[in-house]
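S.K.: Listed below are the residues making up each chain.
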Amino acid sequence: MNVVIMGCGRVGSELAVTLSGEGHDVTIIDTNAYQFARFLPETFRGRQITGNGIDQDTLRRAGIEQADAFLAVTSGDNRNVMASQIAKHIFGVERVVCRIYDPAREQMYRKLGLRTTSPTKVGAWLIREALLADHTVPVDVPEGTGVNA
Amino acid sequence: MYTIIVGGGKVGYYLAKELAEAKANQDDEVLVIERDAAKCVEIMETLGEIVMRGDGCEAAIQEHAGAHRANLLLAVTGEDEDNLVACQVARHIFKVPRTVARINNPKNELIFRKLGIDFTVSATTAIMAHIEQELPLHSLISLQTLRHGFEIVEIRVPDDSGVVGHSIKDVLLPQQSIIWGIVDKDGTPKTAAADTVIHAGDEIVAVTQKESEDLLRSALTGPAPARSF
Numbered sequence: 000m001n002v003v004i005m006g007c008g009r010v011g012s013e014l015a016v017t018l019s020g021e022g023h024d025v026t027i028i029d030t031n032a033y034q035f036a037r038f039l040p041e042t043f044r045g046r047q048i049t050g051n052g053i054d055q056d057t058l059r060r061a062g063i064e065q066a067d068a069f070l071a072v073t074s075g076d077n078r079n080v081m082a083s084q085i086a087k088h089i090f091g092v093e094r095v096v097c098r099i100y101d102p103a104r105e106q107m108y109r110k111l112g113l114r115t116t117s118p119t120k121v122g123a124w125l126i127r128e129a130l131l132a133d134h135t136v137p138v139d140v141p142e143g144t145g146v147n148a
Numbered sequence: 000m001y002t003i004i005v006g007g008g009k010v011g012y013y014l015a016k017e018l019a020e021a022k023a024n025q026d027d028e029v030l031v032i033e034r035d036a037a038k039c040v041e042i043m044e045t046l047g048e049i050v051m052r053g054d055g056c057e058a059a060i061q062e063h064a065g066a067h068r069a070n071l072l073l074a075v076t077g078e079d080e081d082n083l084v085a086c087q088v089a090r091h092i093f094k095v096p097r098t099v100a101r102i103n104n105p106k107n108e109l110i111f112r113k114l115g116i117d118f119t120v121s122a123t124t125a126i127m128a129h130i131e132q133e134l135p136l137h138s139l140i141s142l143q144t145l146r147h148g149f150e151i152v153e154i155r156v157p158d159d160s161g162v163v164g165h166s167i168k169d170v171l172l173p174q175q176s177i178i179w180g181i182v183d184k185d186g187t188p189k190t191a192a193a194d195t196v197i198h199a200g201d202e203i204v205a206v207t208q209k210e211s212e213d214l215l216r217s218a219l220t221g222p223a224p225a226r227s228f
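Top line first, the protein sequences correspond to chains Z and W.
So that you can map any letter, position 104 of the first sequence is 103 in numbering that gives the first Met the number 0, and since no number is skipped, the others follow by simple counting.
So that you can map any letter, position 115 of the second sequence is 114 in numbering that gives the first Met the number 0, and since no number is skipped, the others follow by simple counting.
Keep in mind that the hints are not guaranteed to be accurate.
Derived, one-sided and incomplete: chain Z residues facing chain W with beta-carbon distance under 10 Å [to be verified]:
# : residue
1 : Val10
2 : Thr30
3 : Ala32
4 : Phe35
5 : Arg78
6 : Arg104
7 : Lys110
Straight-line alpha carbon distances no greater than 30 Å define the calculated DSS-like cross-link-like pairs of lysine-lysine that follow [what the hints assert, rightly or not]:
#  : chain 1 : residue 1 : chain 2 : residue 2
8  : W       : Lys94     : Z       : Lys120
9  : Z       : Lys110    : W       : Lys106
10 : W       : Lys168    : Z       : Lys110
11 : W       : Lys38     : Z       : Lys87
12 : W       : Lys189    : W       : Lys168
13 : W       : Lys16     : Z       : Lys87
14 : W       : Lys38     : W       : Lys16
15 : W       : Lys209    : Z       : Lys87
16 : Z       : Lys110    : W       : Lys16
17 : W       : Lys9      : W       : Lys22
18 : Z       : Lys110    : Z       : Lys120
19 : Z       : Lys87     : W       : Lys113
Simulated from the structure, these hints should not be mistaken for lab results.
Just so it is clear, CB atoms sit at the ideal spot from N, CA and C, and this is done for glycine as well.
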């Protein structure tokens with residue numbers, strides 16, 4: 000798959016490395032070029048684009064017109080929502096996944112047809128599990144399993 | 000009429016002030032939602048109790064503001080994405096009948112319209128239009144954006160244009176573009192008929208697709224010879 004990822008933080012870079020390792024064609028966007036050096040290993044073979052993902056010119060530079068998938072994982076819910084809608088409704092990208100921290104907003108955009116995921120409830124649940132467990136081993140998310148809210 | 004303004008910066012502040020002063024009747028009501036505490040205090044001190052602190056993009060805050068009974072929501076923060084989400088929350092959750100978004104990047108006008116925002120206001124576009132009217136170099140001015148990607152534009156025909164002396168039917172226009180009317184050098188408006196002859200200095204008013212702007216510009220201002228039949 001040809002995947003464009005917006006946001007090169009911990010989650011975005013993890014996704015970029017994983018998907019690239021699985022043989023997908025990955026392009027990652029961030030407004031701050033320092034993020035690439037900070038989070039991506041030198042062995043990363045995907046493309047890095049500096050720019051704002053809510054700007055359609057940046058998306059074009061990142062090859063959105065040829066993309067099969069778009070993942071919005073910046074720290075800003077609204078930025079993710081806007082970029083995802085541009086990818087889906089303007090550029091017609093088939094698979095668009097959007098991270099939204101605010102569970103209420105997440106529900107609304109899911110109803111509007113975006114493929115959304117909110118780490119807030121899952122995160123709280125994992126922390127509660129760790130708190131109530133009898134042992135000190137933290138709860139691990141198994142490798143490769145999609146976590147759903 | 001109940002108006003909610005999301006964003007209490009300069010634009011939001013003066014909008015609230017104007018609306019509060021322009022109150023047509025007792026039922027008119029304005030509320031500003033602003034994230035920043037200091038700005039809230041400033042608005043409260045000068046305009047009165049018409050401000051609520053919070054993130055106007057959040058459904059919970061809009062509910063608290065009584066968005067379900069709002070007639071109009073104006074999203075005027077400095078961030079396009081926040082204005083988009085504030086309008087969409089108002090529209091889809093609270094069924095606010097009319098939403099207006101301020102936008103900074105003029106390219107977002109089309110996107111917002113496609114995503115269901117009724118009306119957008121862009122200072123960048125407005126200022127550009129003024130600059131372009133002053134600059135003879137910019138021969139195409141966008142006057143108004145329409146639905147379905149169309150816009151009304153004005154083009155001044157330069158002296159050396161290939162279409163000077165030709166009639167409209169002989170001009171090769173890009174697809175989905177039509178010449179609507181002409182205002183000649185002396186300020187006389189003319190209907191655009193097939194045999195209307197184009198003169199240097201004419202202001203041509205045309206309807207075109209946003210993407211075809213450049214093609215239309217070169218068709219009417221470029222030195223390329225018009226197609227003759």
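S.K.: Could you tell me which of the hints above the structure violates, numbers in ascending order?
M.R.: 1, 2, 3, 4, 10, 11, 13 and 16
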